[in-house]
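Asks: The lines below spell out each chain.
Number of protein chains: 2
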Amino acid sequence: MSQPVLPTPRGDGSLLLRRIGIDTLQESVVYMHADCHVCRSEGFEAQARVEVHLNGRAIIATLNVVDPGLLAVDEAGLSNSAWRALNAAAGDRATVSHAPALDSMSQVRAKIYGNRLDAPAFDAIVADVAAGRYPDIHIAAFLSACAGGRMNVQETIALTRAMVAAGERIDWGRAPIADKHCVGGLPGNRTTPIVVAIVAAAGLTMPKTSSRAITSPAGTADVMETLTRVDLDVTAMRRVVEREGGCLVWGGALTLSPADDVLIRVERPLDLDSDAQLVASVLSKKIAAGATHALIDIPVGPTAKVRSDEDFLRLQRLIEQVADANGLNLRVLRTHGGQPVGRGIGPALEAHDVLAVLRGAAHAPVDLRMRALALAAHLLEFCGHSRPGQGQSEAWRLLDSGAAWAKFQAICEAQGGLREPALAPLREPVLAASAGYVAAIDNRRLARVAKLAGAPSAAAAGLELHVRLGDDVEAGQPLFTLHAQAPGELAYARRYHDAHPAIALEGHPA
Amino acid sequence: MSQPVLPTPRGDGSLLLRRIGIDTLQESVVYMHADCHVCRSEGFEAQARVEVHLNGRAIIATLNVVDPGLLAVDEAGLSNSAWRALNAAAGDRATVSHAPALDSMSQVRAKIYGNRLDAPAFDAIVADVAAGRYPDIHIAAFLSACAGGRMNVQETIALTRAMVAAGERIDWGRAPIADKHCVGGLPGNRTTPIVVAIVAAAGLTMPKTSSRAITSPAGTADVMETLTRVDLDVTAMRRVVEREGGCLVWGGALTLSPADDVLIRVERPLDLDSDAQLVASVLSKKIAAGATHALIDIPVGPTAKVRSDEDFLRLQRLIEQVADANGLNLRVLRTHGGQPVGRGIGPALEAHDVLAVLRGAAHAPVDLRMRALALAAHLLEFCGHSRPGQGQSEAWRLLDSGAAWAKFQAICEAQGGLREPALAPLREPVLAASAGYVAAIDNRRLARVAKLAGAPSAAAAGLELHVRLGDDVEAGQPLFTLHAQAPGELAYARRYHDAHPAIALEGHPA
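Residue numbers (this note's numbering), protein chains in the order written: chain A, 1 to 510; chain B, 511 to 1020.
Only chain A is shown next, with the shape it has when bound in the complex (with noise of 0.2 Å):
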């Protein structure tokens, strides 16, 4: 074999930046020879952290060396995500050098050796995790170290502020603005669009940022994306607020508390959530989109995300005094977490149970109507809009007489077009094995067969419930129906369902 020629370095060691055409998903790679002469001066080895300059922008990737053949000597190849976040096109050159010592992990080692943390550290902290500096598995040491009750009040309060300060933070020049938030946990509990409708119909001001799906088959995000556009810039949200008085669009969109995406990237593969960062992530978020009154819904239940009294008060009493500490009224309002809300699970399904409430629909689930009732009542009086004891009266009177359902078309038209979710094609009913009544039905695991159904990345995938706690079921009835967009997805649902069952039926014994 004959040796090829090495291209001689350009004097600048800048190196052709090459599209390789890898998806890597939000993870910058930078695909470099071995021979490289910036490889060989700089030392650098495979995934070693190193620093690309681009046009006065840098960006952190993980290096991955590549044997001839694929790239020349002279040339840097980026992942696709490393190509967009450095805004590059054919032709340009690039340097890249070491990435600079991550200081700030020293605070993460105190923090895990079970040290408190104070203000300037979680600034620190916080501020390389939004600039990317963070490589995945420091995350993950960070959240770990963070979570099962390691941080106080003190510490919650100062990583809420350090994820404000590291984003934008939008001012509406007036108030009230409402907000707000469920914790989650119970599948299909699919309320914030409904209650956004209703309030921003009372004509109160109400712009929603929510989150994709952390650990369950569907945030809010992920639903209204089957309704309509939500990744929307700040001066697009203001333009759709300021028209219709409500929006309902996708936080990471936007530059408003970015620490808390990045974060939210890894806790999702590890499943894991922790009171602090749950309050930090979801206060750091309000603050940040410039609300004063923030309702917080808490489920309660035996598989919901808060299952005791205990663990409902500490949360209540965290999320109360961190909001306290930035200024933020807050009311907290504990809810039923027993079962799901709705029939759907998953964006698209959801998003149907959504519409069927707002439009009045005969089929639509009493539970949701009732829940996005109750919860826009308390906002209408906390902001000022009902006095106390008429919330409930006016919030009926904003969604059956039409006016919630006709502000909600005109929030969707002005996001970019209401269009109905899609069905997913490949549909799967799961039959009750035996008679008997429904006597438990575990959130997470229905939620976790949602899941390996697609959802939420696959959107018309999760299933359709069709039993509630305490219906009478006869032998072979259906309990739920799978949806999936890809037969393989369709048949781990199903696999790891028949191994761990959601639905317990008791009574009439053979």
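Since the hints were derived computationally from the structure, they do not count as laboratory data.
Check the hints yourself; a few may be wrong.
Which residues of chain A face chain B? A partial, calculated answer using Cβ under 7 Å [claimed, not checked]:
id: 1; residue: His98
id: 2; residue: Gly148
id: 3; residue: Leu270
Chain B is nowhere near these chain A residues, computed Cβ spacing over 10 Å in every case [what the hints assert, rightly or not]:
id: 4; residue: Ala58
id: 5; residue: Ala127
id: 6; residue: Trp172
id: 7; residue: Gly203
id: 8; residue: Glu428
Predicted model only: the values in this text are computed from it and were never measured.
Heads up, the beta-carbon is just placed ideally off N, CA and C, and yes, glycines get one too.
Given the coordinates of chain A, assemble chain B onto it according to the supplied hints.
Replies: Structure of chain B alone, referenced to chain A:
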């Protein structure tokens, strides 16, 4: 642009494997075409964890989705490590499926939430880790959850046993089998090769397996690799030990406590070491290697790994309890940890120090010699070779007579031949800015400087220390000399030390 004609998928759903030529270190990556029928039917997305099956072998890999051009739709590309792990050959066809659900992760979450884990939980986690089923972020979460004093004695015993059970265990068919370990934190403290040489020269059996660096600039395996082959398998190791009574091999090439190597790979970039992981790591290797008598050297000092009496006593107690529960005879030796040992810090530089002591060279570092003699003396008595009080003179005799040096050469010859360690091409002295005496040496910063200079992956890199605590220094006198193999690394180490000086001078004010 014309539509490409997609090849018809094979009936068995298999994909043609291609060694794509990307080095991702130990992380297995599989590259698949976005339009690949398997991707589509299984609903795979970028960064999904998938299982690749070939000829009865299976590996878990991370999926990177590639744009058209790099691969055909019926091909699956493998990273170099995945190709090796699957033992793939050109023309092989593999099937790819969803990775099985990682059930043991619920135990890791329980640990993060502050619960105690029982033996079956550790067995399940460690078996999955050893089999490569844990993504790195999950390993990072597990390590963080177990750090900071969150493991009690029973859990540490269970973790240690699980780590032993996950791999091979050598039975030498005789006793005593000597072993030693230094808990580390002292750069340059490379006593092991000298101790093995003395103990084996005394006719005892000491089959020493060592690790590569975890958070330090060099592990004993890194140092020994600059002198001879260290990647022996169990059969080759047995041959060396039966012939010479001792060996100095890398534990990672054996299948002794294989989970340890996986954990260490993530511990290293996190720069994380916890008592429980440390004890489980050290003792699982010793037990699996068949040791009956182990001596543990724990240096204590303000910037060593163990910094206080309290920390020392806690670690001593834990290591003794876990050894006892496993039937291992163990003694702990507390040593001074105020400054580095010897002159060199970095694999080859430390090897030079070891050779100087063994050869009885005039310039051999006295502190390294004295420490090695003390440890050897303890082992000789502990294993019953010398009577109490006689170990010291026996150790001196074996070293000064040349018997230990002869044994060391014989061991290296048996392992594949003794060679002289390399010398780095780039060297730069770091000078004292002012006159004074050496009041403090920060082991951690000095280790960091050596690592930034390229150690341990660049074997000749590191630093050579010219001063010791209490030394008088003139302005402009060299404190240490940086050694590097690449200019970028030399500059990087230099920059870090300029910002974070490791050696404090006091007195002699101008």
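Asks: Each hint: holds or not?
Replies: Status of each hint after checking the structure:
1. His98: holds, 5 Å
2. Gly148: OK, holds: Gly148/A within 7 Å of chain B, min 4 Å.
3. Leu270: Hint on Leu270/A: holds, closest Cβ of chain B at ~5 Å, below 7 Å.
4. Ala58: Fine: 16 Å to the nearest Cβ keeps Ala58/A off the interface.
5. Ala127: holds, 18 Å
6. Trp172: holds, 37 Å
7. Gly203: Holds: least Cβ distance 42 Å, greater than 10 Å.
8. Glu428: At about 15 Å from chain B, Glu428/A clears the 10 Å cut-off, so the statement holds.
Consistency with the previously given hints is maintained throughout, with no hint failing.
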